[in-house]
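> Residue numbers (my numbering), protein chains in the order written: chain A, 28 to 114; chain B, 28 to 114.
Misleading hints may appear alongside valid ones.
What the hints assert, rightly or not - Restricting the straight-line Cα-Cα distance to at most 25 Å, the calculated cross-link-like pairs of lysine-lysine (DSS-like) are:
#, chain 1, residue 1, chain 2, residue 2
1, A, K69, A, K39
2, B, K69, A, K69
3, A, K69, B, K39
4, B, K69, A, K39
None of these hints come from the bench; they were simulated from the model. Bear in mind the structure is a predicted one, so any value in this text is a computation, not a measurement.
2 protein chains.
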Amino acid sequence: MTFDVLVEVRLKQGVADPPGATLERALPALGFGGVSGVRVGKAIRMSVDATDQAEAEALVAAMCDRLLANPVIEETVINVAEAVAAQ
Amino acid sequence: MTFDVLVEVRLKQGVADPPGATLERALPALGFGGVSGVRVGKAIRMSVDATDQAEAEALVAAMCDRLLANPVIEETVINVAEAVAAQ
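Chain A with its partners taken away, still in its complex shape:
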């Protein structure tokens, strides 16, 4: 079975995020007030073959540990959903 995966890789709290800070300064200048806490992370999408959802989640968690994220400064949120037929 094929699963559609979305991994959000984001900086841990307290880790400096210059792109986020730049957006946060730029938004009010464009007329967007009331925005705070802007943080920029990565959104990694992929298709994974696995026998069930639990196996897919375990595979992706292992990928995060080994390649997709730096566990010293980043944390990950994993979303796994069964792929719709055509894919």
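Given the coordinates of chain A, assemble chain B onto it according to the supplied hints.
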């Protein structure tokens, strides 16, 4: 009211994605087979003040058009949720 926002900014289909291609080549070498269609985008989180969810979504859509994404090569997915009390 404050809303927690997650904007996924991803490259449109057909736009070259070298970071995604690099991950896709590296994963089998680490023992992760059965992975395809790896695409790397941005996950932007922020807190937005608005009177209701519809206003928050409209605000964020305008931010995407003006600053967060390049509509020529990128598309966005916007998630807005009411912030939990403490924030």
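> A separate judgement is required for each hint: does it hold in the structure or not?
Right, here's what the structure says about each hint:
1. K69/A - K39/A: holds (13 Å)
2. K69/B - K69/A: Holds, at about 4 Å.
3. K69/A - K39/B: With Cα atoms ~16 Å apart, K69/A and K39/B stay inside 25 Å; holds.
4. K69/B - K39/A: holds (16 Å)
In this structure, none of the earlier numbered hints is contradicted; all agree with it.
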